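For reference, the chains in residue letters:
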Amino acid sequence: MTVTGYLQANTLYLSLAGEMDECSSREARARCDRLIDENLSAKRIVINLSDVAFMDSTGIGFLIGRYKKAAKMNIPVFIQKPNFAADKILNLSGIYSLIPKAE
Amino acid sequence: MTKNYLKLQFYSYPRNQAFARDAVAAFCVELNPSLSDLSDVKTAVSEAVTNCTVHAYRDTAGLVTVECEIEDNKLHIKVSDSGQGIEDVEKAVQPFYTSQPSDERSGMGFTIMQTFMDEFSVNSVKGEGTVVYMSKCFKPEVENA
Chain A
3 MTVTGYLQAN TLYLSLAGEM DECSSREARA RCDRLIDENL SAKRIVINLS
53 DVAFMDSTGI GFLIGRYKKA AKMNIPVFIQ KPNFAADKIL NLSGIYSLIP
103 KAE
Chain B
140 MTKNYLKLQF YSYPRNQAFA RDAVAAFCVE LNPSLSDLSD VKTAVSEAVT
190 NCTVHAYRDT AGLVTVECEI EDNKLHIKVS DSGQGIEDVE KAVQPFYTSQ
240 PSDERSGMGF TIMQTFMDEF SVNSVKGEGT VVYMSKCFKP EVENA
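Going down the list, the sequences are from chains A and B. Adding 2 to a residue's 1-based position in the first sequence gives its number in my numbering. Adding 139 to a residue's 1-based position in the second sequence gives its number in my numbering.
Careful, some of the hints might be misleading.
Unchecked claim - Distance condition first, Cα-Cα at most 25 Å in a straight line; then the derived BS3-like pairs of lysine-lysine:
| id | chain 1 | residue 1 | chain 2 | residue 2 |
| --- | --- | --- | --- | --- |
| 1 | A | 74 | A | 103 |
| 2 | B | 213 | A | 90 |
| 3 | A | 90 | B | 278 |
| 4 | A | 90 | A | 103 |
| 5 | A | 90 | B | 230 |
To be verified - Label-pair restraints from in silico Cβ distances:
| id | chain 1 | residue 1 | chain 2 | residue 2 | range |
| --- | --- | --- | --- | --- | --- |
| 6 | A | 82 | B | 154 | 25 to 31 Å |
| 7 | B | 212 | A | 28 | 35 to 41 Å |
| 8 | A | 43 | B | 235 | 30 to 36 Å |
| 9 | B | 254 | A | 100 | 15 to 21 Å |
| 10 | A | 46 | B | 174 | 31 to 37 Å |
| 11 | B | 254 | A | 102 | 18 to 24 Å |
| 12 | B | 242 | A | 100 | 15 to 21 Å |
| 13 | A | 43 | B | 211 | 57 to 63 Å |
| 14 | B | 200 | A | 10 | 41 to 47 Å |
Treat the hints as calculated values from the structure; they're not laboratory data. Please read all numbers here as calculations on a predicted model, not as lab measurements. Here a beta-carbon is modelled for each residue, glycine too, at the ideal position from N, C-alpha and C.
Work out the full structure, taking the sequences as your base and the hints as a guide.
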């Protein structure tokens with residue numbers, strides 16, 4: 003799983019690509035947290051899932067973890083473009099009430 | 140009557156999670172599954188196998204067995220381990236319940252297996268291991284004129 007990030011107009015965009023499972027999430031977690039720590043001037047964080055080909059419930063834990071980290075700094079988090087399968091899991095978990103979908 | 144059978148056995152290493160779900164998905168292809176059904180099966184298998192890594196054999200490695208059987212348009216899956224077992228299955232299958240809250244675990248694994256598959260059951264004996272059984276019926280293929 004790869005994570006890329008950039009800051010644009012006060013928004014930190016984090017793009018995940020690959021398969022999100024228990025195995026791949028560890029590195030992705032460290033990389034995302036580093037990007038958040040390096041961009042504390044961000045007013046919001048958008049996590050783009052369009053290139054996530056597979057995701058199991060690890061993804062829910064992962065997203066809530068990043069949400070909690072950002073919440074400590076009052077930075078809201080949004081989810082962008084989950085594929086059909088990821089969207090099904092995220093809906094089931096009710097996560098969108100914490101981390102809404104962004105256009 | 141179509142019948143087919145697959146048995147996989149592997150160590151509970153995290154890197155085998157992707158291998159296991161991809162192998163089961165490949166086995167299902169003869170059922171002409173829709174992408175949505177295939178993705179449901181992959182996710183359910185990933186949840187079951189991940190449980191073996193993070194719960195059954197926590198901090199150790201042990202053997203995980205995945206057995207699949209195709210019977211007409213129905214897929215049966217059995218995921219078994221000889222790990223530490225589950226003390227209270229009823230509690231473990233509750234949505235959002237996790238025995239490891241500090242590890243960013245969602246506690247949604249069993250709920251996903253239950254929701255994405257047609258049949259689901261867990262049998263566990265403390266100190267001996269756990270068997271998860273799941274099945275799914277695939278809709279017969281639409282005939283193209």
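Hint-by-hint comparison with the structure:
A threshold of 25 Å between alpha carbons decides the hint, and for residue 74 of chain A with residue 103 of chain A the separation of about 20 Å falls inside it, so the pair holds. Between residue 213 of chain B and residue 90 of chain A the CA atoms are separated by roughly 22 Å; this keeps the pair inside 25 Å, and the hint holds. Note on residue 90 of chain A and residue 278 of chain B: the hinted pairing holds, with a Cα-Cα distance of about 19 Å set against a maximum of 25 Å. Taken as a hint, the residue 90 of chain A and residue 103 of chain A pair is honoured in the structure, with Cα atoms around 13 Å apart against an allowance of 25 Å.
Annotation: proposed proximity of residue 90 of chain A to residue 230 of chain B holds, straight-line Cα distance about 24 Å (limit 25 Å). Judged by the Cβ atoms, the range 25 to 31 Å given for residue 82 of chain A and residue 154 of chain B holds: they are separated by roughly 29 Å. A C-beta distance of roughly 38 Å is found between residue 212 of chain B and residue 28 of chain A, which places it inside the suggested range of 35 to 41 Å. At roughly 34 Å, the beta carbons of residue 43 of chain A and residue 235 of chain B sit within the given window of 30 to 36 Å.
In this structure the hint that residue 254 of chain B and residue 100 of chain A lie 15 to 21 Å apart at CB holds, the actual value being about 20 Å. The given range of 31 to 37 Å is respected by residue 46 of chain A and residue 174 of chain B, whose C-beta atoms sit roughly 32 Å from each other. Checked against the given bound of 18 to 24 Å, the beta carbons of residue 254 of chain B and residue 102 of chain A, roughly 22 Å apart, stay inside it. At roughly 19 Å, the beta-carbon separation of residue 242 of chain B and residue 100 of chain A lies within the given 15 to 21 Å, and the hint holds.
For residue 43 of chain A and residue 211 of chain B, the Cβ-Cβ distance of about 59 Å falls inside the hinted range of 57 to 63 Å, so the restraint holds. Look at residue 200 of chain B against residue 10 of chain A: about 43 Å separates their beta carbons, and that is inside 41 to 47 Å.
Of the numbered hints listed earlier, not one is contradicted by the structure.
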